[in-house]
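Novice: In case you want the letters, here they are:
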Amino acid sequence: MSDAALETVGLGKRYRRRWALEDCTLLIPRGNVVGLVGPNGAGKSTLLSLAAGLIQPSAGSITVLGEQPGRDTTQLARVGFVPQDASLYGWLNVEDHLRLGAHCNPAWDATSAHERLAELGLGPRQRAGKLSGGQRAQLALTIALAKRPELLLLDEPVSSLDPLARREFLGLMMSTVAGHDVSIVLSSHLVSDIERVCDYLIVLVNSHVQVAGEIDELLASHHRLVGTRSTHDVAPANQTVIAASATDRQRLLVVRSQGPIVEPEWVIESITLEDLVLAYMGQGAVRQDPVAPASVAS
Amino acid sequence: MTWLAWRQLRTPAAFAALAVLAIMVLLGLTGPHLLSVYNTVVAPCAAHGNCAFVTANFRGIDSELTHLSSSAVLIAPVLFGIFLGAPLVARELEAGTYRLAWTQSVTRTRWIATRLTLVILVSVVLTGLLSTAVTWWQRPLDVVNSGLWGNFDERDLVPVAFTVFSVALGAFLGAVARRTLVAMAATIAGYAVVRYLVSEYVRPNLFAPLKTSLPFHLQVTLTGAGATIGPPQPSDWPVSQQIVTGTGKVIGGNWMNLGGFDVTSGGKTVLTGVGPCPNRIPPHALSQSTPTTVAALQRCIDSFHLRNIVSYQPASRYWPLQWSEAAIFVAFAVALCAGCLWYVRRRLP
Chain A
0 MSDAALETVG
10 LGKRYRRRWA
20 LEDCTLLIPR
30 GNVVGLVGPN
40 GAGKSTLLSL
50 AAGLIQPSAG
60 SITVLGEQPG
70 RDTTQLARVG
80 FVPQDASLYG
90 WLNVEDHLRL
100 GAHCNPAWDA
110 TSAHERLAEL
120 GLGPRQRAGK
130 LSGGQRAQLA
140 LTIALAKRPE
150 LLLLDEPVSS
160 LDPLARREFL
170 GLMMSTVAGH
180 DVSIVLSSHL
190 VSDIERVCDY
200 LIVLVNSHVQ
210 VAGEIDELLA
220 SHHRLVGTRS
230 THDVAPANQT
240 VIAASATDRQ
250 RLLVVRSQGP
260 IVEPEWVIES
270 ITLEDLVLAY
280 MGQGAVRQDP
290 VAPASVAS
Chain B
0 MTWLAWRQLR
10 TPAAFAALAV
20 LAIMVLLGLT
30 GPHLLSVYNT
40 VVAPCAAHGN
50 CAFVTANFRG
60 IDSELTHLSS
70 SAVLIAPVLF
80 GIFLGAPLVA
90 RELEAGTYRL
100 AWTQSVTRTR
110 WIATRLTLVI
120 LVSVVLTGLL
130 STAVTWWQRP
140 LDVVNSGLWG
150 NFDERDLVPV
160 AFTVFSVALG
170 AFLGAVARRT
180 LVAMAATIAG
190 YAVVRYLVSE
200 YVRPNLFAPL
210 KTSLPFHLQV
220 TLTGAGATIG
230 PPQPSDWPVS
240 QQIVTGTGKV
250 IGGNWMNLGG
260 FDVTSGGKTV
270 LTGVGPCPNR
280 IPPHALSQST
290 PTTVAALQRC
300 IDSFHLRNIV
310 SYQPASRYWP
320 LQWSEAAIFV
330 AFAVALCAGC
340 LWYVRRRLP
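Quick mapping for you: the protein sequence lines, in order, are chains A and B. Counting from 0, one number per residue, gives the positions in the first sequence under numbering that gives the first Met the number 0. Counting from 0, one number per residue, gives the positions in the second sequence under numbering that gives the first Met the number 0.
These are calculated hints, taken from the structure and not from any lab test. For every residue, glycine included, the Cβ atom is placed at its ideal position computed from N, Cα and C. Take the hints with a grain of salt, since some may be wrong.
A partial selection of chain A residues facing chain B, derived with a Cβ cut-off under 7 Å [said to hold, decoys possible]:
{"no.": "1", "residue": "18"}
{"no.": "2", "residue": "72"}
{"no.": "3", "residue": "109"}
{"no.": "4", "residue": "243"}
Simulated pairs of lysine to any residue, SDA-like, Cα-Cα distance not exceeding 20 Å [claimed, not checked]:
{"no.": "5", "chain 1": "B", "residue 1": "267", "chain 2": "B", "residue 2": "252"}
{"no.": "6", "chain 1": "B", "residue 1": "248", "chain 2": "B", "residue 2": "275"}
{"no.": "7", "chain 1": "B", "residue 1": "210", "chain 2": "B", "residue 2": "191"}
{"no.": "8", "chain 1": "A", "residue 1": "129", "chain 2": "A", "residue 2": "168"}
{"no.": "9", "chain 1": "B", "residue 1": "248", "chain 2": "B", "residue 2": "212"}
{"no.": "10", "chain 1": "A", "residue 1": "129", "chain 2": "B", "residue 2": "95"}
{"no.": "11", "chain 1": "A", "residue 1": "129", "chain 2": "B", "residue 2": "96"}
{"no.": "12", "chain 1": "A", "residue 1": "129", "chain 2": "A", "residue 2": "84"}
{"no.": "13", "chain 1": "A", "residue 1": "129", "chain 2": "B", "residue 2": "234"}
Pair by pair, the computed Cβ-Cβ distance ranges are [claimed, not checked]:
{"no.": "14", "chain 1": "B", "residue 1": "184", "chain 2": "A", "residue 2": "67", "range": "34 to 42 Å"}
{"no.": "15", "chain 1": "B", "residue 1": "184", "chain 2": "A", "residue 2": "101", "range": "36 to 44 Å"}
{"no.": "16", "chain 1": "B", "residue 1": "116", "chain 2": "A", "residue 2": "38", "range": "39 to 47 Å"}
{"no.": "17", "chain 1": "B", "residue 1": "345", "chain 2": "A", "residue 2": "84", "range": "43 to 51 Å"}
Isolated chain B, as found in the complex (with noise of 0.2 Å):
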């Protein structure tokens, strides 16, 4: 049976191989590139200061080469799960060789499970090498980028256990739907449906997410307002944020969410959506940007002492979070092979 089912496999894995292995040689000639500059230019100039040139110039290096392998690891599970997972049953059904296939001296139950275990195993050996090579070439890239968390979906281990639960579905579905294109389109909504409902509303919650009250300074100068918002380190992935007042008053996620000030007749300044400023402001200050009046907003928006509570899972769960997130992708497909099996076994054809 192992015969059938790799004479089966055979060919479309070797075109995956070979698209494979062409991103794994693209990348193997740029990265010790683009690593050197990061050591040698990037890297020294962030230990002093500021290298906002340096780190946009750096991250146009190879920007197609940076876009080409992020697609291919978020596309890599649909595509396997669409060209082997989906006609692996349905195909049979269409071309009626299930009657050929299933009336040799071979359970349906071995049948079924011999392909899927290997269409399975060549889909996560590819997407293992690709996941592994570009997470590697674009680690430099990360650094200078969001951090650990930016890319979550498409680096280590979880783009692996996508594509166990993607080819799992796809032969699932093609076992149900019985017609390799329904069991397709089927396949990529379904896919994207659970994953988007996983990683919008389990993960960030899988573990409990940490919470601190970080001071929250916002700083007027002349020309506007800036500010400094974020978890306690840059590492760390913030799940939400929320600037409350010293008093408690909740102001919103977002600190655009002041707003402006509001002069009043009489004098009186409200700073909107917080409170009335404490001390007066004098009223050509917002359409006349002096050292004073500046130094008289900053005092206002100091008055409030202004927090930020953020929910942040800290980088050590960065790992805890990739297997974990593997692991209910892994049981999904768990899930989807019994029925598989079951469907095959007992509603065939």
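So that you can see chain A by itself, here it is in the shape it has in the complex (with noise of 0.2 Å):
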């Protein structure tokens, strides 16, 4: 049994003429909650669509906690899956999604689905097409986790809900999953979402992976250097330039170290999760044709 969750080589999708992810190498460890961010149209869902099994690659290969996704039956019942906008069937009620679940799914929590819904309020009677946005969001996520699965994929789960129920979504989310060996791959196109819950985080930008790694290695490996306006942006060897900006008074770099960093020229500053995102968006919106994903971390 591997002990990757994900595990994509070479992996690529492509529509028509148009590439939705291309050359996507990454290698998740299981027990990670992983936060896939990227602008609208990066690819995050095509991402999650491939390890969910509902589409087939068109370059590389992916394998999902050792396996092809979607292969069989006992594939399928390992990976929970809650999709953009909680695809319901909107002339359903509450009780029969959980029905439904129950009679596709053997490994099926009937116990904790109804217990969560209740502590939800959720009425068994309602309608699915009637629910609110959040209430579809924790309806599919009750469904999702009631297969007990080991394996969570959710695709921008919170980006139908107010502030406050992306917070109570989010939450809840890890409070039920907490104790439970399950990893989590959740992707949103806000960098607050992914801070609050997620413990690694890869950058999809452009249809390609711009940085992946555990959270905690990326903000010590990389910095924010401000110079003066006359400072030069030359890194040295050991470090990467990620972005670089500059106004009428200082100059800006973020960059990428292996190592210490002795730069009397610049003032070190220690990064935040944002500003590194925003780095490696920058750069892969500007980058046209990128030679390799900036990194194939861990």
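Put the two chains together into one complex; each comes in its own frame, and the hints tell you how they fit.
Specialist: Take a look at the structure:
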């Protein structure tokens, strides 16, 4: 049994002439809560759909929990998927959705699913089509969790929710999975969602992975360098410049460094996750033809 | 999976069952009366001669219900195809619910196989009931009207096979088109085309038609001319007919092609499209119908020894043809189901 939750090698997905995801190589160990960030249309949904086995790769390979996604009943049972906009049968009520789950999943945990919905205050007779965005997301998550998956994939689960509902959703999700051996991959276009719950980060821009790694390591190895207007922005050999910007009075670099930085001309600051993500997003947006993903960490 | 498949089918299936039930009740209430009229009035009359008035009257007893039940059997397969077949996959793609359905612990193969099986099963049972009821109810009318073959499409087995085909066609087109409305329209068109081609070109020739040469007797009367043309037995199905002369000259498929008599100068008369009359016909014969002129015309016609060459399917082939055509449509359906399965597994979403 593989100890990788998700492993891809040169993975690509093409729709007609456009590559929705290209040359994606990742190795995500189990037990992580992975945040997948990037602007809309970057390929986040494509990567998650590939992992859920909903679509087939056009190039490269993908294994989920050591197996080809969606290959058979066993593999389908090990992965829970909460699709974007929480696709539910609008004409079925809440109770029927739980019955659907019970009839379609051998390891269905009916007790916890009912408890969860009772806590959320979702009436069993309410039609899914009449639920609010937050309630729909919660119902979809409940179904995915009741499968007792080893890997939970969530595609923009909170994008349609207001800030308070976002916080609640993510909080409930984390408390539900606490104590269970489940890995999570969660996509969002907001760093704040990721920052709250994730310990692993993937930045996806323009169909390419810009950076991937544990958030602690990423924060430790990236720095903000602030210099005066006249400072040269030439980085030493062990540093990679991710982003460079300048105002009238100062110059700003975001660098990735393998070792300690000794740069008397620059003021070295630690970086926030948001700045780190923005730096990579800017890099991905500018770079037309990347030679290789910025990093294939871990 | 069966639970979900049934839950999705339940409501439309209930509506269809209600409609079929309503028609069956109507037929059940009126059928015995129709049958008793046939047994007490029509059949005894037919035993001794001319019953034109009685049969016309009999046809009119329940003419509305006759039309209704005939239409119901004709369109039932299309309705099942567009309302149960076409949305089967297309609706899931449109609503995005395939992402929920296909990420449960059920493979897509089982998902589509279960759903197709259930939908086809329900459609088959309902069409079977409808066809049986209508076939039973219209049997006395069939005897009076056109015999076995006149409503081949609406009787016994074939409507059920049409339904299987229609539902499979709808499901396949729904998967390919990914739009319910487009799939519905394409299902209607595809169904109509295939049905037309099979009934027009396959059904008459599936078994090589029998051929026979019957004497063709055209009888001239004071008011016109009449002939009986048709298959050897009333219950046979004439596929094509040809009138020929005794010398083998082909006149055509319709005795109306015989046209009329042309009187040429010199008293010679020609039977249009056939040849000159051997006997002289008085010049005024065509404007004045007298027993003498009628006899002269009749002698001219008889001199050609006209015959009718009939290609026909005998009544004994009714059931073999029902089974064969049903098998053809079920085979189409199997191919379409396989295509649908392949499409859902490999090409979607």
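Novice: Now tell me if each hint is right for this structure.
Specialist: So, going through the hints one by one against the coordinates:
1. 18: violated, 18 Å
2. 72: Given a least distance of 5 Å, the restraint on residue 72 (chain A) holds.
3. 109: violated, 14 Å
4. 243: violated, 41 Å
5. B:267 with B:252: violated, 27 Å
6. B:248 with B:275: Given pair residue 248 (chain B), residue 275 (chain B) holds - Cα atoms ~13 Å apart, limit 20 Å.
7. B:210 with B:191: violated, 30 Å
8. A:129 with A:168: holds, 19 Å
9. B:248 with B:212: holds, 14 Å
10. A:129 with B:95: holds, 17 Å
11. A:129 with B:96: holds, 16 Å
12. A:129 with A:84: Between residue 129 (chain A) and residue 84 (chain A) the Cα gap is close to 14 Å, so the pair holds against 20 Å.
13. A:129 with B:234: violated, 61 Å
14. B:184 with A:67: 34 to 42 Å: About 38 Å separates the Cβ atoms of residue 184 (chain B) and residue 67 (chain A), which means 34 to 42 Å holds.
15. B:184 with A:101: 36 to 44 Å: Holds: the Cβ-Cβ distance is about 38 Å, inside 36 to 44 Å.
16. B:116 with A:38: 39 to 47 Å: holds, 44 Å
17. B:345 with A:84: 43 to 51 Å: violated, 25 Å
In summary, the numbered hints that this structure violates are 1, 3, 4, 5, 7, 13, 17.
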